[in-house]
Structure formats: C-alpha cells, structure tokens
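Visitor: Work the whole structure out from these sequences, hints included.
Top to bottom, those sequences are chains C and B. FYI, the working numbering numbers position 93 of the first sequence as 93, with every residue one higher than the one before it. FYI, the working numbering numbers position 118 of the second sequence as 118, with every residue one higher than the one before it.
Simulated from the structure, these hints should not be mistaken for lab results. Fair warning: this is a prediction, and the values are worked out from it, not measured in the lab. Please note: incorrect hints may appear among the correct ones.
Capping the alpha-carbon separation at 25 Å, the derived lysine-lysine pairs in PhoX-like fashion look like this [to be verified]: (1) C/K61 / C/K51; (2) C/K41 / B/K10; (3) C/K96 / B/K63; (4) C/K8 / B/K43; (5) C/K96 / C/K8; (6) C/K41 / C/K61; (7) C/K41 / C/K96; (8) C/K41 / C/K51; (9) C/K51 / C/K96.
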Amino acid sequence: MDPDTVAKAFVEHYYSTFDTNRAGLVGLYQDGSMLTFEGQKIQGAQNIAAKLTSLPFEQCKHSITTVDCQPSGPAGGMVVFVSGNLQLAGEQHPLKFSQVMFHLMPTQGSFFVFNDIFRLNYA
Amino acid sequence: MEEQVETLGKSFVDHYYHLFDADRSSLSSLYQPTSMLTFEGQKFVGAADITAKLRGLPFDQCKHAVSTIDSQAAAATGGIVVFVSGSLHLLGEEHPLRFSQVMFHLLPTIHGTFFVQNDIFRLNYG
Numbered sequence: 001m002d003p004d005t006v007a008k009a010f011v012e013h014y015y016s017t018f019d020t021n022r023a024g025l026v027g028l029y030q031d032g033s034m035l036t037f038e039g040q041k042i043q044g045a046q047n048i049a050a051k052l053t054s055l056p057f058e059q060c061k062h063s064i065t066t067v068d069c070q071p072s073g074p075a076g077g078m079v080v081f082v083s084g085n086l087q088l089a090g091e092q093h094p095l096k097f098s099q100v101m102f103h104l105m106p107t108q109g110s111f112f113v114f115n116d117i118f119r120l121n122y123a
Numbered sequence: 001m002e003e004q005v006e007t008l009g010k011s012f013v014d015h016y017y018h019l020f021d022a023d024r025s026s027l028s029s030l031y032q033p034t035s036m037l038t039f040e041g042q043k044f045v046g047a048a049d050i051t052a053k054l055r056g057l058p059f060d061q062c063k064h065a066v067s068t069i070d071s072q073a074a075a076a077t078g079g080i081v082v083f084v085s086g087s088l089h090l091l092g093e094e095h096p097l098r099f100s101q102v103m104f105h106l107l108p109t110i111h112g113t114f115f116v117q118n119d120i121f122r123l124n125y126g
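Guide: Here it is as structure tokens:
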C-alpha cells in the first residue's frame, strides 16, 4: 500500500475513534508519545488520553480537509499533516484545526502516534 | 532538555524565514538531496527541486510573521518536529495570507547544524 493510502486510513481511524470513543485513543499512543495541545505539553498515552477525554465537550465531529504525508527516514515513520473542521454539538460554527501527527510503525504492522501537535486555526 | 528543543526550534524557524524573506535562493543550504517538500499538495524531492519551486513562487517580496511555534523531540530519529503557523505578507497585497508549516529537522553529525528533511506547507483558508 502506498504511504498516502496508509496515512489517510490511519487519520480516518484516529478521528473516528476520537468522535465515537475518545477513551479508546489511549491505544493509539505509547509511553514515549508527546502531545502539544494548543501549546500545553503532555507526555505518555495515559496522560494524553486523560487530556483528550477531559476536553469541555461531550460530542464532536472532525471533518478532514487536507492530509499530507511524507516518509520521515530509515526508522520507517511517517509525518502526517492534517487540516480540517471540528464541529461541536450545539455550536453554530465549526472550529478550524491543524494537526501534525508523526507515526512510527510498530512491528505488528500498525501505527501509533509518537509526536502529536494540535492547533486551532483562528481567523 | 525540553527548553533546548524549544530554543532550537525557534532559532531555526527564525533563520529559515529570514532567509526566505531576504534571499530565497539561499534556502538550498537548509535542504539536502533526501529532503521532501509538499507545497499545497504538490511534492518535491531534493534541495535543487525544492529551491527551484520556492524561487519560482509568483512574488518578488514577502514577509513571514510567525504566530505559533511548537517543537518536540522525535526521539526515534534524533530529530525535532516543528509546527509553525503565521501570516505571509506579499508586497502590494492588502490582506496577509495565513499559513501552517510542518518542518521536521534532522541533526547532521558533522557541523551540528540543522537541515529540513520533511517540509509540508499549507495556506489556511478562512
């Protein structure tokens, strides 16, 4: 499978998990993973999942506008850059976001997120 | 260590956009033959092709203004991931463009300086 297809499939799986079972995101990070969420730094799968599950909304829906990916070097990882919209239940206007996800490929043949940087795009 | 990553990221980003705004051709020093750029969805590989693309952008003068810089150590590769958002002012244009850029640096062993291995650039449409 070509890298673009793999990246797109991972991104869709990530946001589907986020939107339907946020606690399940813990399975997509590891102990060494890092998230910078709007400038706040969080390390490790447990802490990252705790941050994401505690965000101040019950329901949300990510819709992806762009996905760009590149292989990052001999370790077999990929850099993925996503932009899109985040619709919160009850809010009239969706938020625009950008997210950098850097995956490593574990030996079992699936991906986890090692570096994660999330920013809202303010107008 | 974290502060070091932040400081390194910020100084590289400042240097990168300074070169971009002052002398776009000199950006070739910040890429290598294995470097990759995805510019608004279009893919380029290698310093020569990347620099040609950036030099060929349809404006003479520009000024990048950085709004946010987020850096993280990418331990598995020994590099740093940097995510930048900001505004791009083009000479003669009334409204600045908003952009997001992902730069992933590796640290060469010889000189101790950085180059851009992965580069992804997108404009943020309103």
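Visitor: Of all the hints numbered above, which does this structure not satisfy? Sort the numbers upward.
Guide: Structure breaks no hint.
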